[in-house]
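The chain contents come next:
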Amino acid sequence: MRGFFTGLMRLRRGPWEALATIIIALGVFMLMQPFVLWAFTYSFITTLVGTVMFIIVSHFPEGE
Amino acid sequence: MTDTIANRAAKVTPQKVARKIKGLSDRAIAWIFVAPTIFLLLAINIFPLIWTIQLSFTNYKANRLNREPEFIGLRNYERILTDSDIWLNMQATAHFLFWTIALQVLIGFTLAWLINKKFKGNDLWTTIIVLPMMLSPAVVGNFWKFLYQPQIGLFNYIIAFFTGKEPSSFEMLGSVQLAPWSIVIVDTWMWTPFVMLICLAGLRSIPDYIYEAAEVDRASKLRQFFTITIPMVLPFLMLAVLFRGIENFKMFDLVVQLTGGGPGSTTELTSINLKREAFEKWRTGYASAYAIILFVTVFGLASIYVKALNKVKER
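Sequences listed follow chains B and Y, in order.
One point on numbering: in the working numbering, the residue at position 44 of the first sequence is 44, and numbering is uninterrupted.
Add 1000 to a position in the second sequence, counting from 1, and you land on the number used in the working numbering.
You may find that some hints are simply not true.
Rough simulated footprint, nothing fancy, chain B against chain Y, three-plus residues with beta-carbon under 8 Å [as the list claims (entries may be wrong)]: (1) 1071-1083; (2) 1087-1094; (3) 1290-1298; (4) 1301-1311.
Subject to a maximum C-alpha distance of 20 Å in a straight line, what follows is the list of computed SDA-like cross-link-like pairs (lysine to any residue) [claimed, not checked]: (5) Lys1311(Y) with Phe4(B); (6) Lys1250(Y) with Ala25(B); (7) Lys1117(Y) with Arg1204(Y); (8) Lys1307(Y) with Ala18(B); (9) Lys1311(Y) with Pro61(B); (10) Lys1118(Y) with Leu1197(Y); (11) Lys1145(Y) with Gly1264(Y); (12) Lys1307(Y) with Glu62(B); (13) Lys1313(Y) with Ser58(B); (14) Lys1307(Y) with Met53(B).
Treat the hints as calculated values from the structure; they're not laboratory data.
Glycine residues also receive a C-beta, built at the ideal position from the N, C-alpha and C atoms.
Can you build the whole structure from these sequences, using the hints too?
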């Protein structure tokens, strides 16, 4: 867990990609879940942020 | 082979052209060859995408060409994302996506595993199993409609034979509870062979010596299955899930033929709803915003998936 946060601080690809992946997955879940409408409302912006973030952070350097 | 293809090509090239090409670098020549493809890609894929993004911020209607489209900001996105009917369409799509992929992977892998065993008539069975995939979705939709007929449909008679119910006592396509399952069954029937073929390629790529080494180490069949077969087929399986996932997210033809989105809107998947908005209600701007939402979702999911696939391949 400490390595994950160190990677985030040092702008390493692995942890940032993992974070973007979690955001995308959350966005898709929010889009298709049958529980609350507000989650559906905010699903697109969540997925969009995750996807743009994924594209950007996939150009970060690999961790040592 | 003293006279190579390159030499022969050089000989037949007219002097004028040859002189021009001589002055170009390898990189420039490569660009000349690639340029038509890039141009086509930009014209067919990128330009419509950018145009759709632009239209999604307007109230443009494609059936009113004389009316100047107005810029309305994020209002289309706001309307879509607060519409409870579209939310229900998304849930119907999620139900369809989850169950078709789960069933296709399970049945497809099992069939591939069985077909991979050497037995008489192996090739014949492979051909028979693959047949549904070769049919047109319109044809499949039409004949499954007949199979689902409550009075004369074979499907109802088979279910009645096993459950003891009257064949006409239930309607697969007319019932709110059963209609979502009826489209899952047809898609599974049609596309399981595709998953099976990909899994079969994965199974046949595993060298025999790995199993022989496991036998020497006295690994049980179950252990061999979980430590050799599954990990080595996993990249192929993931690829199949990616293809089917993207394809089923856009599912249109089969469902339109079978239920037309009904009864009510229980089987109205997002692509059917999108088509209605775009070409029946002619709300082009609204439909563009809807398409962008679907595009971002599929793109995001595919990005995660490709990353996971590469990780599995590295292992």
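Hints and how they fare:
Closer than 8 Å: that is the beta-carbon criterion, and the stretch 1071-1083 of chain Y has 3 residues meeting it against chain B, so the requirement of 3 holds. For the stretch 1087-1094 of chain Y, the stated coverage by chain B holds: 5 residues have a C-beta nearer than 8 Å to a C-beta of that chain, and at least 3 were required. Evaluation of the coverage hint for the stretch 1290-1298 of chain Y: fulfilled, as 3 residues show C-beta separations to chain B shorter than 8 Å, against a requirement of three. Counting residues of the stretch 1301-1311 of chain Y whose beta carbon lies closer than 8 Å to any beta carbon of chain B gives 4, which reaches the threshold of three, so the coverage claim holds.
Pair hint lysine 1311(Y) plus phenylalanine 4(B) holds up; C-alpha atoms about 18 Å apart against a cutoff of 20 Å. Only pairs whose Cα atoms come within 20 Å are accepted, and lysine 1250(Y) paired with alanine 25(B) is accepted, the gap being roughly 19 Å. Simply put, lysine 1117(Y) and arginine 1204(Y) have alpha-carbon atoms about 10 Å apart, close enough for the 20 Å limit, and the pair holds. Restraint check for lysine 1307(Y) and alanine 18(B): the C-alpha separation of about 10 Å stays at or below 20 Å, so the hint holds.
Between lysine 1311(Y) and proline 61(B) the CA atoms are separated by roughly 17 Å; this keeps the pair inside 20 Å, and the hint holds. For the hint linking lysine 1118(Y) to leucine 1197(Y), the alpha-carbon distance of about 16 Å falls within 20 Å, and the restraint holds. Restraint check for lysine 1145(Y) and glycine 1264(Y): satisfied, since their Cα atoms lie roughly 17 Å apart, inside the 20 Å limit. The straight-line distance between the Cα atoms of lysine 1307(Y) and glutamate 62(B) is roughly 14 Å, inside the 20 Å bound, and the hint therefore holds.
At most 20 Å may separate the alpha-carbon atoms for a hinted pair to count; lysine 1313(Y) and serine 58(B) meet this at roughly 18 Å. About 14 Å separates the Cα atoms of lysine 1307(Y) and methionine 53(B), which keeps this hinted pair within 20 Å; it holds.
Checked against the numbered hints above, the structure violates none of them.
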